[in-house]
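Protein chains: 2
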Amino acid sequence: MKKLINDPADVVAEALRGMDAAHPELRVDHANRIVYRADAPVQGKVGLISGGGSGHEPMHGGFVGPGMLDAACAGEVFTSPVPDQMVEATKNVDGGAGVLHIVKNYTGDVMNFEMAAELAAAETGVDVLSVVTDDDVAVQDSLYTAGRRGVGVTVLLEKIVGAAADEGRDLAAVAAVARKVNGQGRSMGMALTSCTVPAAGQPTFDLPDDQMEIGIGIHGEPGRRRVPVAPAREIAAMLVEPVLADLDFTGPDGVICFVNGMGGTPLLELYLMYNEVAALLDKAGVRIARSLVGPYITSLEMAGCSVTLLRCDDELIRLWDAPVRTPGLRWGA
Amino acid sequence: MKKLINDPADVVAEALRGMDAAHPELRVDHANRIVYRADAPVQGKVGLISGGGSGHEPMHGGFVGPGMLDAACAGEVFTSPVPDQMVEATKNVDGGAGVLHIVKNYTGDVMNFEMAAELAAAETGVDVLSVVTDDDVAVQDSLYTAGRRGVGVTVLLEKIVGAAADEGRDLAAVAAVARKVNGQGRSMGMALTSCTVPAAGQPTFDLPDDQMEIGIGIHGEPGRRRVPVAPAREIAAMLVEPVLADLDFTGPDGVICFVNGMGGTPLLELYLMYNEVAALLDKAGVRIARSLVGPYITSLEMAGCSVTLLRCDDELIRLWDAPVRTPGLRWGA
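Which chain is which? The protein sequence lines are D and H, in order. Under UniProt numbering, the first sequence has 181 at position 181, and the numbering climbs by one with no breaks. Under UniProt numbering, the second sequence has 217 at position 217, and the numbering climbs by one with no breaks.
By construction, these hints were calculated from the structure, which means they are not laboratory data.
Chain H is faced by these chain D residues, among others (derived, beta-carbon under 7 Å):
#1 LYS2
#2 LYS3
#3 ASN6
#4 GLU14
#5 ALA15
#6 GLY18
#7 ALA22
#8 LEU192
#9 PRO231
#10 PRO266
#11 GLU269
#12 TYR274
#13 VAL293
#14 TRP331
Think of the CB as a built atom: it goes at the ideal place given N, C-alpha and C, for glycine as much as any other residue.
All chains, please: the whole structure from these sequences, using the hints.
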């Protein structure tokens with residue numbers, strides 16, 4: 001295992017120390033492994049928290065800041081944070097308008113966030129609503145999931161819902177925007193290589209030199225099938241076609257087209273993939289309104305990519321364009 | 001070779017198509033492989049161009065936009081662009097105040113940019129000055145270089161000099177800022193793995209499973225030495241100590257501390273490395289004024305990192321903080 005780490009047991013704690021040192025605009029609770037925007041709670045604004053296993057950076061800690069999340073709870077690599085972290089974060093981001101939990105659909109995350117919502121309500125009376133993302137069209141049920149997995153749409157959702165909360169909408173309205181984004185977004189990913197969880201020390205799965213996995217999950221969960229490595233043009237079709245088959249994206253307001261890197265794939269290849277994806281969308285009559293290209297929801301050093309489409313309307317585009325200032329996504333501020 | 005590509009010969013051209021499609025605020029001349037900000041030339045502003053081999057993304061095309069470069073010339077992977085590209089870019093970004101060429105110290109780049117400056121001056125009379133970056137303390141002379149190699153400081157320089165040009169300074173003054181940044185910046189890098197140039201199809205070099213290369217160049221050029229893989233804490237010392245030994249960074253205004261990913265190293269590990277680097281600087285009495293952590297000058301999918309320190313003063317901090325709006329670096333705009 002070749003990694004820039006010290007003791008594998010300390011990876012998450014030490015990375016959070018680095019994040020804290022590099023970003024004075026964030027505040028990190030190291031005991032509870034929670035990343036906060038430094039000025040949390042923001043009075044009168046719905047608080048937004050998310051979290052999940054580490055290893056997907058910049059998600060979620062890198063999406064904390066004005067216009068996006070108020071806090072993110074970090075679990076061990078590819079392991080859900082625990083309810084105590086989420087309860088603590090919920091208390092600390094509540095500015096009197098309640099808190100929304102943004103949860104990717106993995107059994108551990110869903111169970112722990114549910115427990116946290118109940119505990120937080122019981123202990124402090126804070127209003128909590130939850131939204132679960134489940135945008136991955138690759139498989140129904142998976143290694144760690146009942147139903148579809150939550151993947152790329154989570155990034156777009158955290159940005160858009162962050163803007164909705166900034167506008168002063170109430171908790172129910174913010175949650176409604178979140179559900180709308182999840183309902184209108186679909187994703188599919190693939191991997192050329194595995195990744196290695198530091199504590200495991202061995203690749204999560206074996207993938208022969210001439211094979212790739214289509215429909216991979218962000219923890220290396222099995223996808224739809226293994227096939228011989230193919231040109232980017234064919235890979236793009238293997239990702240885009242199932243996404244387009246699952247939802248009609250041919251609306252007049254177009255889509256946000258998000259080509260995500262899994263962590264070990266260079267930006268050069270992601271732009272090349274974007275070119276293929278854009279050509280397929282054009283052919284299918286899908287208009288691209290906005291784009292995002294880069295590694296935003298990763299699987300450590302896995303080589304591969306995913307494609308997420310989000311069907312837009314004027315409201316979603318406006319919220320997407322609103323200012324955001326986080327380590328991972330930043331514009332207009 | 002496992003890559004998200006079609007024909008290896010088309011990688012750069014197709015990635016530029018993707019970049020063009022994803023970023024309406026840029027304009028790409030595909031025949032000449034030049035990325036422009038869409039509103040170039042900006043009248044009265046010194047034009048800034050850079051360029052070099054592809055495979056280092058987001059550098060340089062991803063640093064084109066308001067507050068940074070006016071144009072970037074893309075060569076084949078790890079291969080200098082040709083003088084004709086640079087001449088064309090020089091003509092098209094000249095807004096009457098002359099053009100600065102920002103060149104990394106590699107023999108091919110330096111020679112081609114020199115020829116381009118002469119040709120552009122002869123053909124069009126545009127004033128051209130050049131600055132060459134040579135911040136890599138690892139080796140004196142290298143596979144493709146006489147003298148030190150130009151690496152991480154190039155990213156910081158393009159940002160800072162972009163802000164100086166935005167302030168309306170004249171060509172000589174903008175070039176002076178560029179030389180000052182290069183003079184006050186030092187870098188050193190390392191690799192855990194090689195990378196594979198698409199056209200070659202094989203890893204650039206062999207690095208056994210238990211070895212790493214300290215002082216690596218961004219094209220996989222040999223560094224100072226190969227040593228057994230070590231904990232991040234020791235790796236940080238191997239990078240930071242030679243940098244600190246080469247220049248006094250203990251000024252009252254501190255440094256910009258840039259921990260760069262080589263392309264295949266996850267952000268989780270880069271933040272962990274940043275934590276180690278920050279601890280070493282603290283011990284050495286070096287104050288961190290600003291930070292940058294992420295993959296900004298990469299070597300395809302190489303796993304590894306580099307550390308760049310830039311000694312600052314009020315002027316450089318102010319220029320660093322100024323608004324920038326490019327695909328790769330963006331804040332305040």
